[in-house]
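J.: Here is how the chains run, residue by residue.
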Amino acid sequence: MSTKWLCGEQELEVTRDPAVTTRTLPSGDIEVRHGDTVTVVAVAYGERGDILIGLDGRTWRFQPAQGRRAATRQKSGSLSAPMTGIVRAVHVVVGQSVEAYQPLAVMEAMKVMATLEAPFAGTVSAVHAAPGDRVEHGAVLVELEKA
Amino acid sequence: MTETITGTDLVGWQLTVAAGGALPLSQSEIVSRGHAIEARVYAEDPATGFLPSLGVLRRWQEPNGPGVRVDSGYTQGMEVPPYYDPMLAKVIGSGPDRSAALARLDQALAGFVVLGVQTNIEYLRALLADEAFVAGQLHTGFLAERFTGWKPAQEIPEVVLQALAAAHPLRRVEGVAASAAGGSATGGWHTTDGWRIGA
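Chains A and B, in that order, give the protein sequences.
Residue numbering for the first sequence follows this note's numbering, beginning at 1 and increasing consecutively.
Residue numbering for the second sequence follows this note's numbering, beginning at 1001 and increasing consecutively.
So that you can see chain A by itself, here it is in the shape it has in the complex (with noise of 0.2 Å):
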């Protein structure tokens, strides 16, 4: 039986190997054995079914595959969250013209601001944020229709 993953943007489809044991330790993590060769591999559960995996200072987050392409993906035309944090200020109304590169929103966590700039020059079609709301990464805060 195979199953199938997103991490980052590769896909992913992995297959049991018949000749490697498993086994569960009591901390989640998932110890490997491959004929004399034992690997224990930090494994832990995040949101929405993720599996977070961890090896020699290397970590990866698999997402389920199925139905997750196009909510992960981002809608052209709009701009989402590059990070988890907070709105600081949002500079733009419905409506609104901007040019290319004209600062839309401003969004902090941990004392680093990241300033979100249009893309392309266009109308604002849709704002979902304000300032002092906590937005999710990938969330979108704005979106635009290109002029």
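Hints may contain errors.
Covered, in the sense of this in silico footprint (three residues per stretch, anywhere, with C-beta under 8 Å from a C-beta of chain B), are these stretches of chain A [unchecked claim]:
| id | segment |
| --- | --- |
| 1 | 29-36 |
| 2 | 52-58 |
| 3 | 109-118 |
Read the hints as simulated data drawn from the structure, not as lab findings.
In this text, all values refer to a predicted model and were calculated from it rather than measured experimentally.
Idealized CB from N, CA, C, for every residue including glycine.
Based on these hints, arrange chain B on the given structure of chain A.
T.: For chain B alone, kept in the frame of chain A given last:
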């Protein structure tokens, strides 16, 4: 690092002096031994220009062992909030010389498990493996010169995929959600995964 190579407890001394006590040692009595190097583990994503990465620490296990010291303010289940600095921990490796200290720091970083937020650990390990860094050829333009455009490795090790295949998608770690809600202010008090007092 100073404490590590001089065998002192500087914060303890500050408290002693503040309470009216005398410094336990004079400058001439302080001897440096060996080498120490510190790395700061941050909740930020090197692949996106070091933007902060927030979330709940679903798995958190600090490294330990000889020549390794970790100073941190987090435990498993706590949330990394948007209001403060993204530093998670300071990891110090020490040994008789620089190469031993570097090796211990690298080993410690490899064994530091942080799941739930993106960290700079892989980037730090890439730095420690850089030959100019190892040779001590450092200058203020070092990162710009050698690490501009650095990206994490793309290939996923086979053991990781086998662990993924074995992981149960419906499993929920009990207690994590509860500790996340109140964890920021209460530290380890709400974690329910083997945290014991007086054990």
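J.: So, for every hint listed, does it hold in this structure?
T.: These are the hints, each one checked on the structure:
1. 29-36: It holds: at least three residues are needed, and the segment 29-36 of chain A offers 4 whose Cβ sits within less than 8 Å of chain B.
2. 52-58: Per the Cβ count (7), the hint holds.
3. 109-118: Contact hint for the segment 109-118 of chain A vs chain B: holds, 5 residues under 8 Å.
Checked against the numbered hints above, the structure violates none of them.
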